[in-house]
Amino acid sequence: NAGVTQTPKFQVLKTGQSMTLQCAQDMNHEYMSWYRQDPGMGLRLIHYSVGAGITDQGEVPNGYNVSRSTTEDFPLRLLSAAPSQTSVYFCASSYGANSNQPQHFGDGTRLSIL
Amino acid sequence: QQQVKQSPQSLIVQKGGISIINCAYENTAFDYFPWYQQFPGKGPALLIAIRPDVSEKKEGRFTISFNKSAKQFSLHIMDSQPGDSATYFCAASRGYGGSQGNLIFGKGTKLSVKP
Chain A
1 NAGVTQTPKF QVLKTGQSMT LQCAQDMNHE YMSWYRQDPG MGLRLIHYSV GAGITDQGEV
61 PNGYNVSRST TEDFPLRLLS AAPSQTSVYF CASSYGANSN QPQHFGDGTR LSIL
Chain B
1 QQQVKQSPQS LIVQKGGISI INCAYENTAF DYFPWYQQFP GKGPALLIAI RPDVSEKKEG
61 RFTISFNKSA KQFSLHIMDS QPGDSATYFC AASRGYGGSQ GNLIFGKGTK LSVKP
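Respectively, the protein sequence lines represent chains A and B.
Okay, so the first sequence: first residue is 1 according to my numbering, each after it adds one.
Okay, so the second sequence: first residue is 1 according to my numbering, each after it adds one.
For the record, the hints were derived by calculation from the structure and aren't laboratory data.
Some hints here could point you the wrong way.
[Stated by the list, open to error] A few chain A residues facing chain B, derived, Cβ under 8 Å:
hint: 1; residue: M41
hint: 2; residue: L45
hint: 3; residue: P102
hint: 4; residue: D107
If you're wondering where the values come from, they're calculated on a predicted model, not measured in any experiment.
We put the CB at the ideal spot given by N, CA and C, even for glycine.
Bound-form chain B, shown alone:
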């Protein structure tokens, strides 16, 4: 059972445009929702994260929007740049300690930003 569903699988955006990636989760016990960015040949790196007590978090050009009632969260990349071309993963985890901290990842979105 896939606990975190991510869409789209791939996304092509023009330079300067807005990139939007969506994720939906099933387990209401999840309380931490990070996004990871992965460049080819590298490991994923934390980009931005949110907890369910806020509806939005912004860091530079990157914004997470969170809808607790719909069990959905999304990543918005404003003014997308060719250097943003990468694979993006949403993830979720619940609580503290032991297996609670394990991240459940979505299947990823490959973003290409065209110059």
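So that you can see chain A by itself, here it is in the shape it has in the complex:
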């Protein structure tokens, strides 16, 4: 049981480039989400999904795009990378959009934008 798998673990991009951060979970979780973690800022929600085909914006969605074509996968796309998007990105999943359900986090993607 792999849990939540994020790839790549590290990435360096140039300003203006685009890329996709991958997230996959093998726990049949309905709810998936993306956070960014910046020093002194905690974790801020970017986008989330309550099931396949359904996505919505979180607190800091600008510059990011998501889709949820399957239950297992929830990729995060950076459309045109900016230095302000340098951060550590975490994907999380849980059984439902239900406050009783613990969220399981991946180990993150460390992204640097030059």
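Fit chain B to the given chain A structure using the hints.
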């Protein structure tokens, strides 16, 4: 507007001592208050959680104290060990379904336990 305020930002405790981290929230609709523990290079992991119908929850050396009237909750780590050195996040969410389940995180506390 920061909905969950966490303090202190950093904490140094001697081995065997008590670590205390505090959080305050603003939205009275919040009804789930988890604490997450994060080690360097890893994602956060759920440590312990509480709902507002109880004032305290204990799991091993970890205790959450909850004060609904003051809109505050805290994490107490008894007999702190060097292996407890990590960053701790409090969080809150409200209700069920859709965005209700989204967690709002505090900014984190970096705990160092000195041997």
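Verification of the supplied hints:
Because the closest C-beta pair between A:M41 and chain B is about 6 Å apart, less than 8 Å, the hint holds. Of the supplied interface hints, the one on A:L45 holds, with its beta-carbon coming within about 6 Å of a beta-carbon of chain B, less than 8 Å. At a threshold of 8 Å, the smallest CB-CB gap from A:P102 to chain B is about 4 Å, leaving the interface hint in force. Hint status for A:D107: holds, given a least beta-carbon distance of 5 Å to chain B, under 8 Å.
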